[in-house]
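Spelled out, the chains give:
Number of protein chains: 2
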Amino acid sequence: MKNNIQVKHITIVGGTHGNELHGIHLVKNRQANRYKNRDKLNVKTLLANPLAIEANRRYIETDLNRCFKLEDLNDESLSLKEQKQAREIAQELGGQDLVIDLHNTTANMGLTIILLTDRGIQDPFMVNLLFYLQKKEPQVYILNRSLSANESPYLSSLGKQDLAIEVGPVPHGTLYAELFVKTEALIEHILDFLEEPQALSGTLTYYQHLFSLDYPRDESGEICAMIHPDLQGRDYQPLKPGDPLFLKFDGETIANEQPGTLWPVFINEQAYYEKGVALTFTKKEQLIF
Amino acid sequence: MKNNIQVKHITIVGGTHGNELHGIHLVKNRQANRYKNRDKLNVKTLLANPLAIEANRRYIETDLNRCFKLEDLNDESLSLKEQKQAREIAQELGGQDLVIDLHNTTANMGLTIILLTDRGIQDPFMVNLLFYLQKKEPQVYILNRSLSANESPYLSSLGKQDLAIEVGPVPHGTLYAELFVKTEALIEHILDFLEEPQALSGTLTYYQHLFSLDYPRDESGEICAMIHPDLQGRDYQPLKPGDPLFLKFDGETIANEQPGTLWPVFINEQAYYEKGVALTFTKKEQLIF
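Those protein sequences? They're chains F and R, same order as listed. Numbering that gives the first Met the number 0 puts the first residue of the first sequence at 0, with every later residue one more than the last. Numbering that gives the first Met the number 0 puts the first residue of the second sequence at 0, with every later residue one more than the last.
Which copy is meant is left open, so a pair is good if it fits within one copy or across any two.
Mimicking DSSO-like on lysine-lysine, the simulated pairs with C-alpha atoms at most 30 Å apart in a straight line are:
1) K181 / K274
2) K181 / K247
3) K274 / K80
4) K43 / K247
Rather than coming from a laboratory, the hints here were simulated on the basis of the structure.
Construct the entire structure; sequences and hints are all you get.
Written out as structure tokens, the structure is:
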């Protein structure tokens, strides 16, 4: 597949969530010049939410990584700390060809590349990049979110192209060396490709975001079930109708009622308890190019 | 081994740390009367730090589970939220025969029973109980801390006997059903024994707390290494001189320099980053009784 575009101006972002330590330390490492020079590229770094990093919390007043809708960025009346921070970041990153935003998850999602917008999967250059990464590291999953750039509340959508890298399972506020080293290698593979793009052809496997499911709750709105032990850690594994989904505190199993085979992700992500998300369903797709 | 004492008045505590969800929901389950009656026992429950539970944080102003030294409890000038809460809890639990405090850890510690004081290992009744639990559930580890009751800053030491149950690996702020169900069963085993104590004999294996080790830090005091991938998750496995301990961000491995074989626990516990604890060394001991 032929490449028509150039990606030269790249920003690598850590600490969009202040308790996701891998991105923070990967960016600090890079700022300490521990990596090889990339003469053909302009690679910048950013620690996105310094106050939250200092506090070792996801955010201080509101989730920074939900503050980047164009409408919200243009609304000067929004005055929470993260809303103001988002406007500063948008100014700084507006002209970037590619924004790479580094995240951790407690879900067993390995090395997942999230494309927030549809721009990635529609762009031959990006498809070649993603295919190249999967060849380098078969554990790389691609999750396509298909938001429009203007509607996306996520930081990485600020770039002309966007990649969020979601790495787990890692408890927030901790470092898991094995995944840290793999993430570091993945970033280097991305930069290798951007320096020397290749026109490839093949079959790209990706997961298309569908919808999320909340935990079962009692009359007062409180959670009354957990992810079922048989589902825990089985991100990207097929889930069929009747498979166990939740285990209620009283011992009852709740089965999956969705028709057909689905592929759950973000199973038991800690930060999503407050967002009412127990897991997210995807369908598995292939792009032949 | 003959039993001389009686343990009738028991309090089961959850939410001493507000983001350790297993204990919170186990206590709420019990408050909803989902368990069998224990006619011979007086079993109470307590959610220790309601403000922290509401905030889904370990604590609000200071770690409640470090506020129970007798000297601190008697010092009315200590006025942080958790220091005041500790005095109220001490009043409530003062007369209890046994306080069971439920915790989670991100470390791979399975079902660990922590004896904060030496009273447990010196008491035939408690030794029989612990041995009974290990027979029921071989995954139960016993960790002996050997503090004096007056010097212990931990909540469970308020009882005439103390058990803290430390369950992991679980990211804070999440529920892992498999470990939740096992913890629930363990509590029932404890209550079974207290209703019908047995005089047993055998060999009790336990781990004696020695000392903790901080992460390597740079000149500015910031962490510059992670738990080595070969050590991650290997709680209660023997560690020998020269075994890998840390992986520095620059790629260098730091080896263990402690002489002899040690048995690390609390490896990569999230809440201990701020306390300067990367892991805790123990020695493995056996009590023949």
